[in-house]
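Enquirer: Protein chains in written order, with my numbering: chain X, 1 to 294; chain L, 1001 to 1254.
Don't read these hints as lab results, they were simulated from the structure. Here the structure is a predicted model, which means the values were calculated and not measured. For each residue, glycine too, the CB sits at the ideal point set by N, CA and C. Where hints are given, some of them may not hold.
As the list claims (entries may be wrong) - Sample of chain X residues at the chain L side, in silico, Cβ under 8 Å:
no.: 1; residue: Arg181
no.: 2; residue: Glu185
no.: 3; residue: Asn190
As the list claims (entries may be wrong) - Where chain X lies over chain L, by a calculated footprint (3+ residues, C-beta under 8 Å):
no.: 4; segment: 1096-1110
no.: 5; segment: 1116-1123
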Amino acid sequence: MTDFVLILVTGLGLGALYFLAASGLSIIYGLMGVLNFAHGAFMMAGSYAGFLTMGALPASLSVAARLAMAVLVALVVGAVIGFVVEVVLIRPLYRHHIQQVLVTVGLSLASVAAAQGIWGADPRTVEKPEWMASTTMLLGARLPNDRFLFIVVALAVFLGLQALLHYTRLGLIIRAGVENRTMVEALGINVHRTFTIVFALGGSAAALAGLLYSQYAGTVSPAQGGSLLIYAFIVVVIGGMGSLVGTAVAAVAVGLVQQLANFYAASGVGDLSVVLLLALVLLLRPTSMKGAHA
Amino acid sequence: MTDMTTALDRAAAPGGDGGSVLSVEDLHVRYGGSHVLQGVSFTVPASGVTALLGRNGVGKTTTLKAIIGLAPRTGRILLQDKEIQDEPTTRIIRGGIGYVPEDREVFGGLTVDENLRLVDPDRGVEAPIVGRLFPDLVARAKQRAGTLSGGQQQMVSLARVLLKDTSVLLIDEPTKGLAPKLVTEVADVLSEVARTTPILLVEQNLPLVRRIADTVVVLDAGQVVHCGGAAELVADPELTRELLGVSMRREGAA
C-alpha cells in the first residue's frame, strides 16, 4: 500500500510536469496549427534561466527565495523567447507547415548546440530548497515534497488557463480560433495578435516546466528540454491537440502509467508503456490528433 | 451603436444615396492551375439586395471570399470608393463588410451568447437587434451553438454580422439545407435587414431571389454573363433557363 501511494504521488507529480510542458504546445497547435518543435528549447531556456538566476543572487538569500525569483525570471524569459520566435520565425511562415517544422526543428537543434557551447554538455547540479528535498509521511508512505509542489503549480496553471479561456475576451478568441481560425478573421478579429500572446504564454509555461523539471531531476542540461518534449508531444496527441482538459487528463495518465509500469513491471518498462498507451489511444480514437475544443 | 436604428440613420446619410457601395473590377482568382474567376466586374448598389446567381461551381462563393481576402485574387475592389484589395481580411471586415459564410460556420463549442460576444463583447444576445429579429436566440443564449438546428445556426450566423456597423453584407446561401418554414423566416430577416443595409446575396433559391432581390449578377464559368433587374430575369423563363439552367415557376413561393 505504501509503495502504491508513493508511486501514485510520484506519477501525479510527473504528470504535473508533463502538463506544464504540454499545455503551451497544445494551445499553440490548436489555435495556430503550428507543431512547435522548439518547445523543448523554451523549456531548456527556462531551466537555464532559473539555474543562472539562482547562481547570480546573493547566497545570503535562502534557496527558496532564490528559487522563487528564478521562477519569475524563467516566466519572463519564456514569454520573451516565445514572443520573438512567433514574430520573427513563425509569423512569416503561417500556412507553410513544412517550413514551420524545419524552422522549429532547426531552432531546437541550434539552441541545444549553443547551450552546450556556452555551458557544456554535462548536467550541472541545481540547488534545491530544503523543504523540496525533504519528505512527508502520508498514509504510511514517505513522499518527496517536491511532488506536491509540482502538483500545486500545475493545478494553479490549469485553473489559471481555464479562467483565461472561459472568462476573458482573449480566451474567447482563442477558443473560437481553435475551432475555426479563418472565421475569426472573417469577423474582423485580429487573430495574429492573439497568436503572439499565445506563443508568449506557451513559452512561459514551457520555461516553468523546464525549471521545475530541473528541480525534479536535480540537474540542468542542454538535452533536458528535448527529452521532456517527447513526453509533451505524447500527452498532446493522447489528449487531443488544442484541448486543455484533454491535455491535463492525458498528462496524469502518462505520468501514472509510466511510474506504475516502472515499479510493478521492470525499470524502463514505463517509457515503453507510455508509447503503447499512445498507440492504443490512436487505434481506438484515431481522431485524437485532430484536436478538440480548448 | 450597432443596432438597426443606427443602420437606418446611416442609410439616410451619405452612402444610401443610390450609388454603389461595393465595386468589383476585373477580379481574377486562381487556385493552383484552375482559373476560377476570370475578370469578374460588377457593382453592388447602396441599397437593396443584389443576388449573385449561377450554376454550381461557377465561382459565386469564391467571389465573396475574394472580396474579403479569403481567396487569393487580383483586380480592384472598392468599398465606398476606397480600394481594399490590398488590405488583410481583418481590416476589410472592420472597414464595413459583414460576411455570412456558406454552411454558417458558427463556433460549435461556444454558446450562442459567446458567438455573438466575439463581435459585440459588451452586449452579445442582449443587443436590441437580437431580441427583435432573433428572439429564439435570446432564449438559447447559454446553449452551445453546435447543438442548435441548422436554422438556428443560420440565425446565429446572421445575428453575428448584424451586431456590427456594416456598409454592405455578403451572405452566402443562407437558406441552404433549411426547411421551407425556416427559408421564409430567413427571407423575412433578410428583407428587413435590406431596408437599411445593402446585401450581396449568393442564393440558389430562385423564389427567394424573386421575393427579396432587386438586382442580379449572373456568373458562368468564372465570368459575369448578365446584370440587370431581378424581376426582369425571373419573369423571363427563357433567360432563366439559359443563364441558370433551371425553370422558374411563377407561382413558386419562398
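Enquirer: Please list, smallest to largest, the hint numbers that this structure does not respect.
Expert: The structure breaks only hint 1.
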